[in-house]
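**Q** Sequence:
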Amino acid sequence: MEQLISNRAEIHPDAKIGKNVTIEAFAKIDKDVVIGDGTWIGSNAIIYPGARIGKDCKIFPGAVISAQPQDLKFKGEYTTVEIGDRTTVREYVTINRGTAARGVTSVGNDTLLMAYSHLGHDVSVGNHCVISNSVQLAGEVVLEDWVVIGGMSAVHQFCRVGAHAMVSGMSGVLSDVPPYSKVFGVPVAYMGINVVGLKRRGFSKQQIDNIHEIYRVIYQQGRNISQALEYIQTYLDPNPEMGNIISFIKSSKRGIVKSVFRQTASVES
Numbered sequence: 001m002e003q004l005i006s007n008r009a010e011i012h013p014d015a016k017i018g019k020n021v022t023i024e025a026f027a028k029i030d031k032d033v034v035i036g037d038g039t040w041i042g043s044n045a046i047i048y049p050g051a052r053i054g055k056d057c058k059i060f061p062g063a064v065i066s067a068q069p070q071d072l073k074f075k076g077e078y079t080t081v082e083i084g085d086r087t088t089v090r091e092y093v094t095i096n097r098g099t100a101a102r103g104v105t106s107v108g109n110d111t112l113l114m115a116y117s118h119l120g121h122d123v124s125v126g127n128h129c130v131i132s133n134s135v136q137l138a139g140e141v142v143l144e145d146w147v148v149i150g151g152m153s154a155v156h157q158f159c160r161v162g163a164h165a166m167v168s169g170m171s172g173v174l175s176d177v178p179p180y181s182k183v184f185g186v187p188v189a190y191m192g193i194n195v196v197g198l199k200r201r202g203f204s205k206q207q208i209d210n211i212h213e214i215y216r217v218i219y220q221q222g223r224n225i226s227q228a229l230e231y232i233q234t235y236l237d238p239n240p241e242m243g244n245i246i247s248f249i250k251s252s253k254r255g256i257v258k259s260v261f262r263q264t265a266s267v268e269s
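Note that the working numbering gives residue 211 to position 211 of the sequence shown, counting from 1, and the numbers run on in steps of one.
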């Protein structure tokens with residue numbers, strides 16, 4: 001495959017374009033941009049300074065990557081957007097670059113950002129995530145690997161969503177969403193674990209049963225978070241999923257989401 005760059009595209013001479021890259025008409029590639037091998041850039045996409053785009057990505061028409069952050073504290077400091085390999089950015093997605101807070105807005109490998117979604121400054125999105133149409137991620141949000149966010153949902157600034165979690169569409173995330181869970185509502189509440197997603201990713205029945213047992217202790221047996229974690233560590237057999245859940249909860253600064261079963265769970269409890 002040969003490099004195919006339209007003579008009607010606007011490409012700064014200092015941009016670094018890899019091999020076998022396609023850039024369609026009326027796309028704009030600014031200075032201080034790096035585009036990896038095999039990536040396709042659609043018409044009217046705009047890629048501003050500081051963008052680092054990996055290999056075999058697809059950037060659809062109208063996407064705007066690495067524009068200045070929408071943050072009144074931003075003072076023009078040098079920051080970047082970093083996108084991994086094989087990630088797809090659909091129509092009119094906006095990804096703002098970082099600020100002094102973190103310095104970079106990042107998206108991992110094999111992630112899908114659907115049309116009209118927005119990633120604010122200093123957001124961190126992991127690998128294999130799916131961010132559906134019109135999802136809005138505020139500044140410094142963290143999504144771990146394999147997270148799915150349903151369409152038209154919003155995630156509050158500084159919130160974290162744990163690995164393999166599912167946020168249903170039209171939800172509002174105001175607290176941290178723990179790993180493997182499924183949440184819905186405004187604000188979101190714990191609705192159970194993401195069984196369908198876990199099965200698709202090869203989790204065994206035993207692993208899924210272990211996760212169920214952990215969250216029953218946390219959300220359905222009347223304990224506060226401190227008591228639940230103490231019980232889990234004392235009476236349940238250790239496993240990797242347990243370690244991930246406990247580590248996530250203990251490091252939470254905003255508290256974890258409450259439950260549809262019991263509306264009192266928080267890290268401070």
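Heads up, some of the hints might be wrong.
What the hints assert, rightly or not - No farther apart than 20 Å at their CA atoms in a straight line, the calculated lysine to aspartate or glutamate pairs in the EDC-like style are these:
| # | residue 1 | residue 2 |
| --- | --- | --- |
| 1 | Lys55 | Asp37 |
| 2 | Lys250 | Glu140 |
| 3 | Lys28 | Glu91 |
| 4 | Lys73 | Glu91 |
| 5 | Lys58 | Glu24 |
| 6 | Lys205 | Glu230 |
| 7 | Lys55 | Glu77 |
| 8 | Lys205 | Glu241 |
| 9 | Lys31 | Asp110 |
| 10 | Lys55 | Asp30 |
| 11 | Lys73 | Asp56 |
| 12 | Lys75 | Asp32 |
| 13 | Lys205 | Asp237 |
| 14 | Lys58 | Glu10 |
| 15 | Lys182 | Asp209 |
| 16 | Lys16 | Asp37 |
| 17 | Lys73 | Asp85 |
| 18 | Lys58 | Glu77 |
| 19 | Lys16 | Asp56 |
| 20 | Lys253 | Glu230 |
| 21 | Lys199 | Asp209 |
| 22 | Lys182 | Asp145 |
| 23 | Lys55 | Asp85 |
| 24 | Lys253 | Glu140 |
| 25 | Lys199 | Glu230 |
| 26 | Lys199 | Glu140 |
| 27 | Lys19 | Asp37 |
Bear in mind the hints are in silico, worked out from the structure with no lab data behind them.
**Q** State for each hint whether it applies.
**A** Here is how each hint holds up against the structure:
1. As the CA atoms of lysine 55 and aspartate 37 are separated by approximately 5 Å, the hinted pair is consistent with the 20 Å bound.
2. For the suggested pair lysine 250 and glutamate 140, the alpha carbons sit about 19 Å apart, so the restraint of at most 20 Å is met.
3. Simply put, lysine 28 and glutamate 91 have alpha-carbon atoms about 15 Å apart, close enough for the 20 Å limit, and the pair holds.
4. For a cut-off of 20 Å, the pair hint linking lysine 73 to glutamate 91 is broken: about 28 Å separates their Cα positions.
5. With a C-alpha separation of about 12 Å, the suggested pairing of lysine 58 with glutamate 24 holds against the 20 Å cut-off.
6. At most 20 Å may separate the alpha-carbon atoms for a hinted pair to count; lysine 205 and glutamate 230 exceed this at roughly 25 Å.
7. Of the supplied pair hints, the one linking lysine 55 and glutamate 77 is violated, its CA atoms being roughly 27 Å apart against a limit of 20 Å.
8. With a C-alpha separation of about 13 Å, the suggested pair lysine 205 and glutamate 241 falls inside the 20 Å cut-off, and the hint holds.
9. The suggested pairing of lysine 31 with aspartate 110 is violated, with an alpha-carbon distance near 26 Å, which exceeds 20 Å.
10. For the hint linking lysine 55 to aspartate 30, the alpha-carbon distance of about 18 Å falls within 20 Å, and the restraint holds.
11. Taking the CA atoms of lysine 73 and aspartate 56, the gap is near 34 Å; set against the 20 Å cutoff, the hint is violated.
12. Our distance criterion of 20 Å between C-alpha atoms is met by lysine 75 and aspartate 32, whose separation comes to about 19 Å.
13. Distance check on the hinted pair: lysine 205 and aspartate 237 sit about 16 Å apart at the alpha-carbon level, within 20 Å; holds.
14. Our distance criterion of 20 Å between C-alpha atoms is met by lysine 58 and glutamate 10, whose separation comes to about 18 Å.
15. As the CA atoms of lysine 182 and aspartate 209 are separated by approximately 15 Å, the hinted pair is consistent with the 20 Å bound.
16. At most 20 Å may separate the alpha-carbon atoms for a hinted pair to count; lysine 16 and aspartate 37 meet this at roughly 10 Å.
17. For the given pair, lysine 73 sits about 31 Å from aspartate 85 by alpha-carbon distance, which is inconsistent with the 20 Å threshold.
18. In summary, the hint linking lysine 58 to glutamate 77 is not supported, as the alpha carbons are separated by about 28 Å, beyond the 20 Å threshold.
19. At most 20 Å may separate the alpha-carbon atoms for a hinted pair to count; lysine 16 and aspartate 56 meet this at roughly 15 Å.
20. Between lysine 253 and glutamate 230 the alpha-carbon distance is near 19 Å, which keeps this suggested pair within the 20 Å criterion.
21. Between lysine 199 and aspartate 209 the CA atoms are separated by roughly 12 Å; this keeps the pair inside 20 Å, and the hint holds.
22. Proximity of lysine 182 to aspartate 145 is assessed by CA-CA distance (about 15 Å); at most 20 Å being required, the pair is judged to hold.
23. Between lysine 55 and aspartate 85 the CA atoms are separated by roughly 5 Å; this keeps the pair inside 20 Å, and the hint holds.
24. Restraint check: the Cα-Cα separation between lysine 253 and glutamate 140 comes to about 13 Å, which is no more than 20 Å; the hinted pair holds.
25. For the hint pairing lysine 199 with glutamate 230, the CA-to-CA distance comes to about 28 Å; that exceeds 20 Å, so the pair is violated.
26. A hinted pair counts as satisfied when its Cα atoms are at most 20 Å apart, and lysine 199 with glutamate 140 does not qualify at roughly 30 Å.
27. For a cut-off of 20 Å, the pair hint linking lysine 19 to aspartate 37 stands: about 5 Å separates their Cα positions.
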